[in-house]
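**Q** Listed below are the residues making up each chain.
Protein chains: 2
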Amino acid sequence: MKYSKRILNTPASFIRRILAISADPNIISFAGGLPNPTSFPMEDIQVSMDSIIRKYGDKLFQYATTPGYEPLRQYIADKYNDQHQLGLTADDILITTGSQQALDLIGKVIINEGDGVIIEEPGYLGAIQAFSLYQPEFLSVPLEQTGLDTATLSAALQQPNVKCMYTVPNFQNPSGLTYSKENRLKVAQMLQGQDVFLIEDDPYGELRFRGEPLPYIGANDREHSILLGSFSKTITPGMRLGFIITRNKELMNYINIAKQASDLHSSIFSQILIYDYLINNDYQTHINKIIDMYREQSDTMLAAMDKYFPDYVQYTKPEGGMFIWVTLPKGQSAMELFDKAMAKNVAFVPGNPFYTTDDSVNTFRLNYTNSTTDAITEGIKRLGSVL
Amino acid sequence: MKYSKRILNTPASFIRRILAISADPNIISFAGGLPNPTSFPMEDIQVSMDSIIRKYGDKLFQYATTPGYEPLRQYIADKYNDQHQLGLTADDILITTGSQQALDLIGKVIINEGDGVIIEEPGYLGAIQAFSLYQPEFLSVPLEQTGLDTATLSAALQQPNVKCMYTVPNFQNPSGLTYSKENRLKVAQMLQGQDVFLIEDDPYGELRFRGEPLPYIGANDREHSILLGSFSKTITPGMRLGFIITRNKELMNYINIAKQASDLHSSIFSQILIYDYLINNDYQTHINKIIDMYREQSDTMLAAMDKYFPDYVQYTKPEGGMFIWVTLPKGQSAMELFDKAMAKNVAFVPGNPFYTTDDSVNTFRLNYTNSTTDAITEGIKRLGSVL
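Line order of the protein sequences matches chains A and B. If you count by numbering that gives the first Met the number 0, then the first sequence holds residues 0 to 386, one letter each, in order. If you count by numbering that gives the first Met the number 0, then the second sequence holds residues 0 to 386, one letter each, in order.
Each hint should be verified, as a subset may be incorrect.
You can't tell identical chains apart in this list, so a pair holds if it fits in one copy or across any two.
Straight-line alpha carbon distances no greater than 30 Å define the calculated DSS-like cross-link-like pairs of lysine-lysine that follow [unchecked claim]:
| id | residue 1 | residue 2 |
| --- | --- | --- |
| 1 | Lys58 | Lys4 |
| 2 | Lys180 | Lys380 |
| 3 | Lys288 | Lys339 |
| 4 | Lys78 | Lys58 |
| 5 | Lys54 | Lys306 |
| 6 | Lys1 | Lys306 |
| 7 | Lys288 | Lys54 |
| 8 | Lys54 | Lys4 |
| 9 | Lys185 | Lys380 |
| 10 | Lys343 | Lys4 |
| 11 | Lys78 | Lys339 |
| 12 | Lys343 | Lys306 |
| 13 | Lys339 | Lys185 |
| 14 | Lys288 | Lys58 |
| 15 | Lys180 | Lys4 |
| 16 | Lys329 | Lys78 |
| 17 | Lys329 | Lys339 |
| 18 | Lys1 | Lys58 |
| 19 | Lys1 | Lys343 |
| 20 | Lys185 | Lys248 |
These aren't lab readings, by the way, just hints derived from the structure by calculation.
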């Protein structure tokens with residue numbers, strides 16, 4: 000065989016193909032997962048760019064240590080300690096080349112071929128793609144209005160090959176759903192005493208526009224809890240900076256070796272630039288601006304759906320983040336609807352790539368963060384006309 | 000098993016440990032592989048930083064395409080076409096998060112467990128580490144003064160599991176050796192008709208301070224040739240930008256999928272910043288400045304070795320790049336010498352991590368690019384005193 004089994008088993012990103020189709024500026028696209036460009040603090044970053052060479056010198060340009068820039072890791076530890084009382088030190092943080100790399104590193108370190116990976120259904124396709132390279136068996140657990148279906152989770156946890164569990168507890172991608180406090184507690188109880196790594200991927204957690212912040216499922220577990228964060232949704236995805244948090248020293252040591260082998264370290268230039276931005280600006284005021292915008296965009300989309308969608312079409316009502324998930328009546332095809340919508344110059348992502356099995360296709364994902372409110376209303380009106 | 004077999008089989012970077020030991024400013028360190036900071040064009044990059052937001056706008060900060068910034072890929076294609084007549088288009092180039100990621104992506108795409116990977120002995124430890132994650136069998140071929148030992152190569156190419164061959168043809172790391180034109184032609188002939196990928200890793204090629212540039216071994220092979228390049232040794236390693244070149248479309252498609260899964264794309268901010276620097280400055284004049292400095296540093300080290308090392312100690316004479324390789328008489332231990340040298344506050348890298356087997360340890364690597372000429376002379380004098 001010329002190529003590896005693992006690459007032949009890994010799907011190309013369906014979304015990247017959809018994005019290519021819908022790049023035409025005449026198309027109203029709800030297909031992407033792009034932050035609104037107003038979430039990029041460009042003027043403040045320009046101020047940092049004007050001074051970082053003077054302030055930090057040639058270490059911006061030289062090789063750097065694998066875990067990442069220590070003051071940035073300390074900043075992250077302090078923030079999570081303030082907001083979530085996790086008792087972190089800088090050594091519990093490793094900077095990654097975007098959260099996508101965190102998924103690859105975790106796959107490298109813990110997944111053997113055939114290992115069971117519990118994942119939400121629908122699940123984040125970037126995780127499905129990253130883990131697929133390590134040839135696991137996906138164990139799907141339905142995600143419902145208030146969190147995971149605990150009966151299915153219980154059965155999955157009893158599988159002899161189960162190794163880890165991947166969740167997006169806040170404003171999940173693709174569903175927009177948030178695990179309730181009760182569901183988090185129940186899941187934490189079910190995991191107690193199990194030798195199963197819990198990966199909580201939380202790129203959107205700061206972008207809550209309704210309701211109260213909730214504790215992480217693994218907040219009290221030092222050994223099995225892995226938390227992923229990112230600057231992509233709040234400062235810039237273009238610089239590719241995310242981070243892995245775990246208080247398990249042995250696991251962190253293996254992640255560090257995998258990181259050395261994978262890209263040595265993430266851009267120290269970008270790490271210092273973001274750090275300089277963070278310590279010299281009011282980050283929360285910046286976040287609040289994004290939250291206000293996304294709330295308005297989400298409300299506009301929901302109001303239009305209420306007005307233009309037939310009653311038999313169901314959809315989620317996000318408390319934050321970037322997505323709404325739509326469910327058509329059983330038997331209707333989201334792929335067929337995609338073709339009809341494209342004929343009206345509207346794009347979305349059919350649900351297919353968010354399932355590890357191919358049998359549920361009456362769902363699709365809408366993104367509201369990268370369209371004007373006028374475009375949102377017009378796009379939903381057109382979509383309603385083909386439903 | 001809690002962790003993956005692959006991570007348990009992957010060595011931690013020995014060099015990163017040595018660097019930690021030798022970070023003390025009182026130590027004269029020839030252990031690193033760091034470019035001299037004067038190779039970073041900081042003033043010219045500051046000029047680009049002053050204008051890129053105005054010139055390129057929010058696309059610096061947004062998600063970007065997986066293969067990389069098209070104008071940068073076109074720039075690279077044009078350069079290799081000018082210098083090496085490879086007939087490349089931008090689509091033959093994929094930007095990676097440093098060359099280290101190129102090694103990881105290639106391992107992901109082509110290596111199954113047990114596949115044969117031909118590698119130079121001594122070989123680049125970053126490649127040994129990256130490929131180890133995919134659990135190959137390393138097939139070592141001795142690297143001699145003028146290139147690979149062709150008798151051993153011939154035997155390795157007859158192994159039924161052989162999948163790819165990894166080489167650093169110019170100023171190899173760790174040996175500083177360069178394949179002669181005749182050896183390149185001979186190796187190319189031996190590979191002809193074989194279904195074996197040839198990976199030529201060339202981060203130092205532009206830093207030739209003696210002799211004439213030589214053609215790539217795979218220059219005439221469209222299907223099996225993979226060429227790796229980097230901006231780390233000529234502009235900045237800190238931004239982590241390298242690239243993969245291959246004219247094999249099927250292979251490039253798989254590398255693209257592996258890149259999506261691994262980190263989605265490399266920093267678009269850094270890609271555009273480097274591109275803006277490249278098109279607005281005289282890059283060759285900058286390179287010439289680095290070459291002049293490294294020639295002087297190399298000459299200084301060689302002159303000191305000639306003066307202070309006993310005659311029975313052998314060493315290579317590089318035509319470019321960053322390293323000199325020293326061979327002690329058979330039976331002497333480079334690890335023991337390391338301890339004696341550290342007692343004199345001089346550091347180097349013992350040869351051990353550059354072998355896939357553990358039996359040759361009478362060799363060590365010296366780096367000359369990151370020390371002043373005075374420090375080079377003093378350090379070699381001290382090293383000579385413990386030989």
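**Q** Could you run down the list of hints and mark each one as holding or not?
**A** Consistency of the hints with the structure:
1. In the homo-oligomer, the alpha carbons of Lys58 and Lys4 never lie at most 30 Å apart, since the shortest distance is 40 Å inside one protomer and 36 Å across protomers.
2. In the homo-oligomer, the alpha carbons of Lys180 and Lys380 never lie at most 30 Å apart, since the shortest distance is 35 Å inside one protomer and 67 Å across protomers.
3. In this assembly of identical chains, Lys288 and Lys339 lie within 30 Å of each other by CA distance neither inside one copy nor across copies; the values are 35 Å within and 60 Å between.
4. Proximity of Lys78 and Lys58 under a CA criterion of 30 Å is satisfied in both settings, with 25 Å inside one chain copy and 28 Å between copies.
5. For the identical chains of this complex, Lys54 and Lys306 are neighbours neither inside a copy (54 Å) nor across copies (42 Å), given an alpha-carbon limit of 30 Å.
6. When the C-alpha separation of Lys1 and Lys306 is checked against a cutoff of 30 Å, the pair qualifies neither within a copy, at 54 Å, nor between copies, at 52 Å.
7. Within a single copy, Lys288 and Lys54 get their C-alpha atoms as close as 29 Å, and across copies as close as 25 Å, so both meet the 30 Å cut-off.
8. Proximity of Lys54 and Lys4 under a CA criterion of 30 Å is satisfied in neither setting, with 48 Å inside one chain copy and 44 Å between copies.
9. Taking the shortest alpha-carbon separations for Lys185 and Lys380, neither the intra-copy value of 40 Å nor the inter-copy value of 67 Å comes in at or below 30 Å.
10. Taking identical chains as interchangeable, the C-alpha atoms of Lys343 and Lys4 are never at most 30 Å apart, the minima being 40 Å within one chain and 51 Å between chains.
11. In the homo-oligomer, the alpha carbons of Lys78 and Lys339 never lie at most 30 Å apart, since the shortest distance is 46 Å inside one protomer and 45 Å across protomers.
12. Taking the closest pair of Cα atoms, Lys343 and Lys306 come within 30 Å of each other only inside a single copy of the chain (18 Å); across copies the shortest separation is 80 Å, beyond that limit.
13. For a Cα distance limit of 30 Å, the shortest separation of Lys339 from Lys185 qualifies neither inside one copy, at 42 Å, nor across copies, at 59 Å.
14. Taking CA atoms no more than 30 Å apart as the test, Lys288 paired with Lys58 passes between copies only; the shortest distance there is 20 Å, against 33 Å inside one copy.
15. In the homo-oligomer, the alpha carbons of Lys180 and Lys4 never lie at most 30 Å apart, since the shortest distance is 41 Å inside one protomer and 36 Å across protomers.
16. In this assembly of identical chains, Lys329 and Lys78 lie within 30 Å of each other by CA distance neither inside one copy nor across copies; the values are 44 Å within and 56 Å between.
17. For the homomeric pair Lys329 and Lys339, the shortest alpha-carbon distance inside one copy (18 Å) is at most 30 Å, but the shortest distance between copies (75 Å) is not.
18. Taking the shortest Cα distances, Lys1 and Lys58 never come within 30 Å of each other, neither inside one copy (42 Å) nor across copies (37 Å).
19. Taking the shortest alpha-carbon separations for Lys1 and Lys343, neither the intra-copy value of 43 Å nor the inter-copy value of 51 Å comes in at or below 30 Å.
20. Taking CA atoms no more than 30 Å apart as the test, Lys185 paired with Lys248 passes inside one copy only; the shortest distance there is 26 Å, against 49 Å between copies.
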